[in-house]
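So the chains spell out like this:
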Amino acid sequence: KNEVEQSPQNLTAQEGEFITINCSYSVGISALHWLQQHPGGGIVSLFMLSSGKKKHGRLIATINIQEKHSSLHITASHPRDSAVYICAVASVDDKIIFGKGTRLHILP
Amino acid sequence: DVKVTQSSRYLVKRTGEKVFLECVQDMDHENMFWYRQDPGLGLRLIYFSYDVKMKEKGDIPEGYSVSREKKERFSLILESASTNQTSMYLCASRPGTGWFYGYTFGSGTRLTVV
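Just so you know, the sequences run in chain order A and B.
Going by the working numbering, the first residue of the first sequence is number 1, and it counts up by one from there.
Going by the working numbering, the first residue of the second sequence is number 1, and it counts up by one from there.
One or more hints might be untrue.
[To be verified] Below, simulated BS3-like cross-link-like pairs (lysine-lysine); rule was C-alpha separation at most 25 Å, straight line:
| # | chain 1 | residue 1 | chain 2 | residue 2 |
| --- | --- | --- | --- | --- |
| 1 | B | LYS53 | B | LYS70 |
| 2 | B | LYS53 | B | LYS18 |
| 3 | A | LYS95 | B | LYS18 |
| 4 | A | LYS54 | A | LYS100 |
| 5 | B | LYS55 | A | LYS95 |
| 6 | B | LYS71 | A | LYS95 |
| 7 | A | LYS100 | A | LYS68 |
| 8 | B | LYS70 | B | LYS18 |
| 9 | B | LYS71 | B | LYS18 |
| 10 | B | LYS3 | B | LYS53 |
| 11 | B | LYS70 | B | LYS55 |
| 12 | A | LYS100 | B | LYS57 |
| 13 | B | LYS57 | A | LYS55 |
| 14 | B | LYS55 | A | LYS68 |
| 15 | A | LYS54 | B | LYS55 |
| 16 | A | LYS53 | A | LYS95 |
| 17 | B | LYS3 | A | LYS55 |
| 18 | B | LYS57 | B | LYS18 |
| 19 | A | LYS54 | A | LYS68 |
By construction, these hints were calculated from the structure, which means they are not laboratory data.
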């Protein structure tokens, strides 16, 4: 079983829809990262969370440490949000473990 | 903003060639990392370095080596390229050791070995 599981693996939605991507993990963590990777490869860090909730523009990330679960939400989705979203956890021994990613496609 | 620059976006090499992938960061970060990314497998750590001249094996070091002679530069070396090393390679850096530091990634090098 993977230590970091994301769902769904692929998601296609219409422009304007509310998007939720989920991440569950099975190890003790110090922090959780949400990353965005556009076609072409470069990865951008969106959030780093150790508790609660963070918001940046139309993006919201939440984490529930007790349930070992995090969600990334996108409000009023737009075709430029189309990308792969990757959840990564920083374990207590300073190792970073990546999920396999969620491929999001927003249709105009 | 911190910038992590990978020297090539796309590279095609022949089996058996020695391949150098270069990564340079411009903000005096202590830690640097090399990952490969394959469909269905996600990012996997090849090697990392916590300081100049230091290197540590990651999860999949076989067939690779690294060099960190200067703080800003971390090179990944494929001693004798093979087709199973065809992949996307990503370099990352962070200011220091500790979970509270965020990572900055390069744009990636897509390597094809023929």
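Structure-inconsistent hints, enumerated in ascending order
3, 13, 14 and 15
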